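Using the numbering used here, the first residue of the sequence shown is number 29, and each one after it goes up by one.
What the hints contain is simulated information worked out from the structure, not anything from laboratory work. Since we're looking at a predicted model, the values are computed, not measured. Beta carbons are placed, not taken as given, at the ideal position from N, Cα and C, and that holds for glycine. Be careful, since some hints might not be right.
[As the list claims (entries may be wrong)] Now the in silico label distances, taken between C-beta atoms and shown as ranges:
1. Gly180 to Lys94: 29 to 39 Å
2. Gly132 to Lys94: 24 to 34 Å
3. Gly180 to Ser106: 14 to 24 Å
4. Thr191 to Ala169: 33 to 43 Å
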Amino acid sequence: MVRATDAKPATSAAADIRAQSFTAANGVLPDVQVHGTFTATTPSELSAMQAATAAAQRSGVASIAKPGQVIYPMAAGSYTLTDGFGAARTGRSHMGQDFAAPIGTPIYAAADGCVTLSSESYQGYGVTVEISHPALSGSNAVSTLYGHMTYGSRAVQAGECVTAGQFIGRVGDTGWTVGSCLHFEVHINDSAIDPLAWLESNVF
Numbered sequence: 029m030v031r032a033t034d035a036k037p038a039t040s041a042a043a044d045i046r047a048q049s050f051t052a053a054n055g056v057l058p059d060v061q062v063h064g065t066f067t068a069t070t071p072s073e074l075s076a077m078q079a080a081t082a083a084a085q086r087s088g089v090a091s092i093a094k095p096g097q098v099i100y101p102m103a104a105g106s107y108t109l110t111d112g113f114g115a116a117r118t119g120r121s122h123m124g125q126d127f128a129a130p131i132g133t134p135i136y137a138a139a140d141g142c143v144t145l146s147s148e149s150y151q152g153y154g155v156t157v158e159i160s161h162p163a164l165s166g167s168n169a170v171s172t173l174y175g176h177m178t179y180g181s182r183a184v185q186a187g188e189c190v191t192a193g194q195f196i197g198r199v200g201d202t203g204w205t206v207g208s209c210l211h212f213e214v215h216i217n218d219s220a221i222d223p224l225a226w227l228e229s230n231v232f
């Protein structure tokens, strides 16, 4: 066995280059290695990029964000994922992802954008905020919706612009719901898509 102290610097450098080339060639295709301004160079980064690509395929929309541009609408550890996109409802399908959490848990904007709706009572969603995201749109119109929030907790009004991670309200149980949760939707060109798959494909 060749010990690290026995190896010549030139040989070690060449081995590193060969190993790195092998990982790139056999891990993912070149278009998966680069995402916006982020380049995957380590095995863990390559795995993350592969997972993001798979999620994008499930959501039916390309991964469009740059690192840090999209975040989850609630802090890690503050929620439990419950009913997902397409779950059965009486006479309809569930159009979003529910994040079950205690009443009062903070909710944050998933990306930069401008508030298009802020209401204490909106259809079956109860207290609701909707945000349009021009920076993510490209040739598509992207918007996110946050429903079932607590009465009086809305921190933004229609016409205001927000940044990713900005506090916008608190979890509640308003509207048509069986428990306290954030109902989160993502719309592309006014059509609802799987919001969890969209998050998985765009959060870096």
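Taking 24 to 34 Å as the stated bounds, is the beta-carbon spacing between Gly132 and Lys94 within them? Cβ of Gly132 to Cβ of Lys94: about 32 Å, so the range 24 to 34 Å holds.
I want to verify a distance hint. Is the separation of the beta carbons of Gly180 and Ser106 within 14 to 24 Å? With Cβ atoms ~20 Å apart, the hint holds.
CB of Thr191 to CB of Ala169, is that within 33 to 43 Å? 19 Å, violated
For the range 29 to 39 Å, tell me whether the beta carbons of Gly180 and Lys94 fit it or not. 35 Å, holds
Violated hints amount to a single one, hint 4; each of the other numbered hints is respected by the structure.
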